Amino acid sequence: MEDLTLVLRRTAKEILEKGEAQMVIGWEKGAFWYSSTSAFISKPEDTERLIWDEYCVNNLAKYLLDYRHKEGKVAVFVKGCDSRALNVLLQDKQLKREKILIIGLACPGMKDEVEARKLGRGSSIPLYKKCRECRYPNALNYDFFIGEDKVIKEIPAQDDFSEVQALESLSPDEKYNKFVANYERCLRCYACRNICPACNCRECIFDRTASGWSSKANNVSENMFFALTRALHVAGRCVGCGECERACPVNIPIMLLNKKIIQDINALFGEYEAGTDVTAKLPLGGFEFTDPEEFM
Amino acid sequence: MLVAQKAKLREILNALSEEYQVAVPVQREGTSAFELYRDGIEVMFNGNTSISPKGMFFPQTEKMYGFKTVKNTTEFVSLPVEQGKRLLFGVRSCDMKSLDCLDQVFLTKGYIDEFYKQKRERTVIVALGCNEPGETCFCASLGLDPQKAAGADVHAYDLGEVIGFEAVTEAGQKVLDLLKNHLREQQFALPPVGEFYLKPEVAGVPEKLKGMFESPLWEEIARKCLNCGACTYVCPTCHCFDISQDVRGEKGIKYRCWDSCMFGEYTQMAGGHNPRPTKKERVRNRFMHKLNYFPERYNMLLCTGCGRCLDVCPVKMDITSIIQQIKEAK
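Protein sequence lines correspond, in order, to chains A and B.
With this note's numbering, letter number 240 in the first sequence gets 240, and the count goes up by one each step, no holes.
With this note's numbering, letter number 201 in the second sequence gets 1201, and the count goes up by one each step, no holes.
Chain A on its own, in the form it takes in the complex:
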């Protein structure tokens, strides 16, 4: 990956020098050896800050929304998950494809920084669970690709819904207690929402507390109202990047709910993998006469 860092820098530098984009969004090193963070480069000489290592977990697609009304193009580096997120933003018509220069990467899976801090430098650091389960490590939609276009990570044959199924097997009371335990510690900081590429509403209902729809009070009922509303709102558009769960400061297993919905959509409307095909119709974005309607 160190070699690719140099290619990455050279590419970004060329893009800026030739004026192909006004800005390049990539990653740079943070305060610790196990932290890499988003970087916004607009001067060719600053491209030296860019890196590509096994801690570039931060999904960059969402940042493109900040520049959608600005003049000129923005270039962005994308891994598989960033790429799927970007596709969803395109499907949602939040971005114009011609305003983005996409540079694809093959991702080996990112290392879990919480584990890295615990285990220390030099030890073998496991990948994030979401990366171990990832089936699309490589960018899917790009203007050009950096590195050899090959599988550099073991790809599971199918999505793992075992945790969802374990949850489904519980009694209603057990399920409820589990949800209460998870969401009573929610701080309502909205980190999950703000990092989520599928959460791209211009205005979020949870930013309109004066309306009375939801309250700022922190209690299990309001917290679950937030969590369930968000889960249903990203249904069919959640790309499984797991950034919500990584961003959560109190370790709520947010993806459990998202995965349950992905599993249900697959069962009800046919197999669908969000963000893998930018031309696909969203499973909940329309209807077919053959759709199940058991509740009618």
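None of these hints come from the bench; they were simulated from the model.
As the structure is a prediction and not an experimental result, all values here were calculated from the model.
Wrong hints could be hidden among the right ones.
Reference excerpt, derived from the structure (chain B facing chain A, CB under 7 Å, subset only) [unchecked claim]:
id, residue
1, Gly1030
2, Gly1229
3, Val1315
Result set (BS3-like, lysine-lysine): computed pairs, CA atoms no more than 25 Å apart in a straight line [unchecked claim]:
id, chain 1, residue 1, chain 2, residue 2
4, B, Lys1148, B, Lys1180
5, B, Lys1210, B, Lys1109
6, A, Lys43, A, Lys18
7, B, Lys1327, B, Lys1210
8, A, Lys29, B, Lys1199
9, B, Lys1148, B, Lys1117
10, A, Lys73, A, Lys43
11, A, Lys29, B, Lys1330
12, B, Lys1068, B, Lys1254
13, B, Lys1280, A, Lys29
14, B, Lys1117, B, Lys1180
15, A, Lys153, A, Lys29
16, A, Lys111, A, Lys129
17, A, Lys73, A, Lys18
18, A, Lys43, B, Lys1280
19, A, Lys99, B, Lys1280
20, A, Lys118, B, Lys1199
21, B, Lys1279, A, Lys99
22, B, Lys1327, A, Lys43
23, B, Lys1279, A, Lys29
24, B, Lys1280, A, Lys73
25, B, Lys1006, A, Lys118
26, A, Lys118, A, Lys129
27, B, Lys1279, A, Lys96
28, A, Lys99, A, Lys13
29, B, Lys1330, A, Lys43
30, A, Lys70, B, Lys1280
31, A, Lys70, B, Lys1279
32, B, Lys1119, A, Lys43
33, A, Lys175, A, Lys260
34, A, Lys96, A, Lys70
35, B, Lys1279, A, Lys73
36, B, Lys1327, A, Lys29
37, B, Lys1254, B, Lys1117
38, A, Lys93, B, Lys1085
39, B, Lys1208, B, Lys1174
40, B, Lys1210, B, Lys1330
Ideal Cβ positions, reconstructed from N, Cα and C, are used throughout, including at glycine.
Given the structure of chain A, go ahead and fit chain B onto it with the hints provided.
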């Protein structure tokens, strides 16, 4: 120094529970916070809690008063207030300093916040010294002593197999008097404090910021920020709140709850104007408040070096690096 075997902590906390409502740092579900002590609960000794103890004095959601409609008028209904002495065990230096900051806000300059005052006055604090700083800690750079928390009633020290206790205040002495059957006198030297990884140099920063409101730095710093409230909610010193109400029929409750300057709604005005419309203004406000406005008003930083914001930020906004960038800015 008075000491007790660490293995006897349970007996000590049980004894204290007879006199006080005791809260201790506890690890749970991959996170940690102060919780009410129950017999047998395991006290967390390694590092500080992910959630600061500020909620013990300034809860995230706090009912203020009730009201009801009676014919054509509104009557106020006072709500029950929790009474009784409380004891916090295991507060670290950074979080003690944050109580100093909160005291300034809620108890000085001619304004007393009764909700805060009532909780503060009925709470005795046993601070726990840090020997090994966490990776995101930088309290020493802000002039704090990680082993001796200023403002605590009792200093407790983690001495390996034993815990050392020193009373600092009269209230603290009362706590140790209660424990005299559990403690014995023994000489112990405090272990040296480990090396800090982060060492921001904050000298001169508050003064320099005075002329930096229009600096292009803010736009650059703000680019990566998501404007979520994680940093402000885990911060032991952030103290902004919003007042809201829950009305059901003829009755209602006024409550206050934490708010965050990172949120767009925070400065949204009734007419629709928002004086802090983008990330840039919000991020600028957060760091200006911590490093300039607060020092100007109260002569202390609104940061205690606890490092929680660095720890939770999903995009690794880093106040120590921002301090450095402010220093380097032209």
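Here is how each hint holds up against the structure:
Given hint, B/Gly1030 at the interface with chain A, holds; its Cβ is 4 Å from that chain's nearest Cβ, closer than 7 Å. With a cut of 7 Å, the hint placing B/Gly1229 at the interface with chain A holds, because the nearest CB-to-CB distance is about 4 Å. A cut of 7 Å between beta carbons decides the hint on B/Val1315: the least distance to chain A is about 6 Å, and the hint holds. About 22 Å separates the Cα atoms of B/Lys1148 and B/Lys1180, which keeps this hinted pair within 25 Å; it holds.
The suggested pairing of B/Lys1210 with B/Lys1109 holds, with an alpha-carbon distance near 22 Å, which does not exceed 25 Å. Distance hint between A/Lys43 and A/Lys18 is fulfilled; the C-alpha atoms sit about 12 Å from each other, no more than 25 Å. Our distance criterion of 25 Å between C-alpha atoms is met by B/Lys1327 and B/Lys1210, whose separation comes to about 12 Å. Between A/Lys29 and B/Lys1199, the direct Cα distance comes to roughly 18 Å. Compliance with the 25 Å bound is thereby established for this hinted pair.
Between B/Lys1148 and B/Lys1117, the direct Cα distance comes to roughly 24 Å. Compliance with the 25 Å bound is thereby established for this hinted pair. Our distance criterion of 25 Å between C-alpha atoms is met by A/Lys73 and A/Lys43, whose separation comes to about 14 Å. About 23 Å separates the Cα atoms of A/Lys29 and B/Lys1330, which keeps this hinted pair within 25 Å; it holds. Proximity of B/Lys1068 to B/Lys1254 is assessed by CA-CA distance (about 11 Å); at most 25 Å being required, the pair is judged to hold.
Our distance criterion of 25 Å between C-alpha atoms is met by B/Lys1280 and A/Lys29, whose separation comes to about 22 Å. With a C-alpha separation of about 30 Å, the suggested pairing of B/Lys1117 with B/Lys1180 is violated against the 25 Å cut-off. Taking the CA atoms of A/Lys153 and A/Lys29, the gap is about 23 Å. The hint holds against a cut of 25 Å. The straight-line distance between the Cα atoms of A/Lys111 and A/Lys129 is roughly 9 Å, inside the 25 Å bound, and the hint therefore holds.
For the proposed pair A/Lys73 and A/Lys18, the alpha carbon gap of about 12 Å is at most 25 Å, so the pair holds. As the CA atoms of A/Lys43 and B/Lys1280 are separated by approximately 20 Å, the hinted pair is consistent with the 25 Å bound. At roughly 23 Å between alpha-carbon atoms, A/Lys99 and B/Lys1280 fall within 25 Å of each other, so this suggested pair holds. Restraint check for A/Lys118 and B/Lys1199: the C-alpha separation of about 21 Å stays at or below 25 Å, so the hint holds.
For the given pair, B/Lys1279 sits about 22 Å from A/Lys99 by alpha-carbon distance, which is consistent with the 25 Å threshold. Taking the CA atoms of B/Lys1327 and A/Lys43, the gap is about 21 Å. The hint holds against a cut of 25 Å. With a CA separation close to 22 Å, the supplied pair B/Lys1279 and A/Lys29 stays within the 25 Å bound. Between B/Lys1280 and A/Lys73 the CA atoms are separated by roughly 21 Å; this keeps the pair inside 25 Å, and the hint holds.
Of the supplied pair hints, the one linking B/Lys1006 and A/Lys118 holds, its CA atoms being roughly 24 Å apart against a limit of 25 Å. Restraint check for A/Lys118 and A/Lys129: satisfied, since their Cα atoms lie roughly 16 Å apart, inside the 25 Å limit. Straight-line distance between C-alpha atoms of B/Lys1279 and A/Lys96 comes to about 22 Å, which keeps the hinted pair within the 25 Å bound. Taking the CA atoms of A/Lys99 and A/Lys13, the gap is about 18 Å. The hint holds against a cut of 25 Å.
Under the criterion of a C-alpha separation no larger than 25 Å, the hint pairing B/Lys1330 with A/Lys43 is consistent with the structure, at around 18 Å. Only pairs whose Cα atoms come within 25 Å are accepted, and A/Lys70 paired with B/Lys1280 is accepted, the gap being roughly 15 Å. Taken as a hint, the A/Lys70 and B/Lys1279 pair is honoured in the structure, with Cα atoms around 15 Å apart against an allowance of 25 Å. Taking the CA atoms of B/Lys1119 and A/Lys43, the gap is near 53 Å; set against the 25 Å cutoff, the hint is violated.
Restraint check: the Cα-Cα separation between A/Lys175 and A/Lys260 comes to about 13 Å, which is no more than 25 Å; the hinted pair holds. The straight-line distance between the Cα atoms of A/Lys96 and A/Lys70 is roughly 12 Å, inside the 25 Å bound, and the hint therefore holds. Restraint check for B/Lys1279 and A/Lys73: satisfied, since their Cα atoms lie roughly 21 Å apart, inside the 25 Å limit. For the hint pairing B/Lys1327 with A/Lys29, the CA-to-CA distance comes to about 20 Å; that is within 25 Å, so the pair holds.
Pair hint B/Lys1254 plus B/Lys1117 holds up; C-alpha atoms about 19 Å apart against a cutoff of 25 Å. With a C-alpha separation of about 58 Å, the suggested pairing of A/Lys93 with B/Lys1085 is violated against the 25 Å cut-off. Among the hinted pairs, B/Lys1208 with B/Lys1174 is inconsistent with the structure: their alpha-carbon atoms are about 45 Å apart, more than 25 Å. The hinted pair formed by B/Lys1210 and B/Lys1330 meets the criterion: a straight-line CA distance of about 13 Å does not exceed 25 Å.
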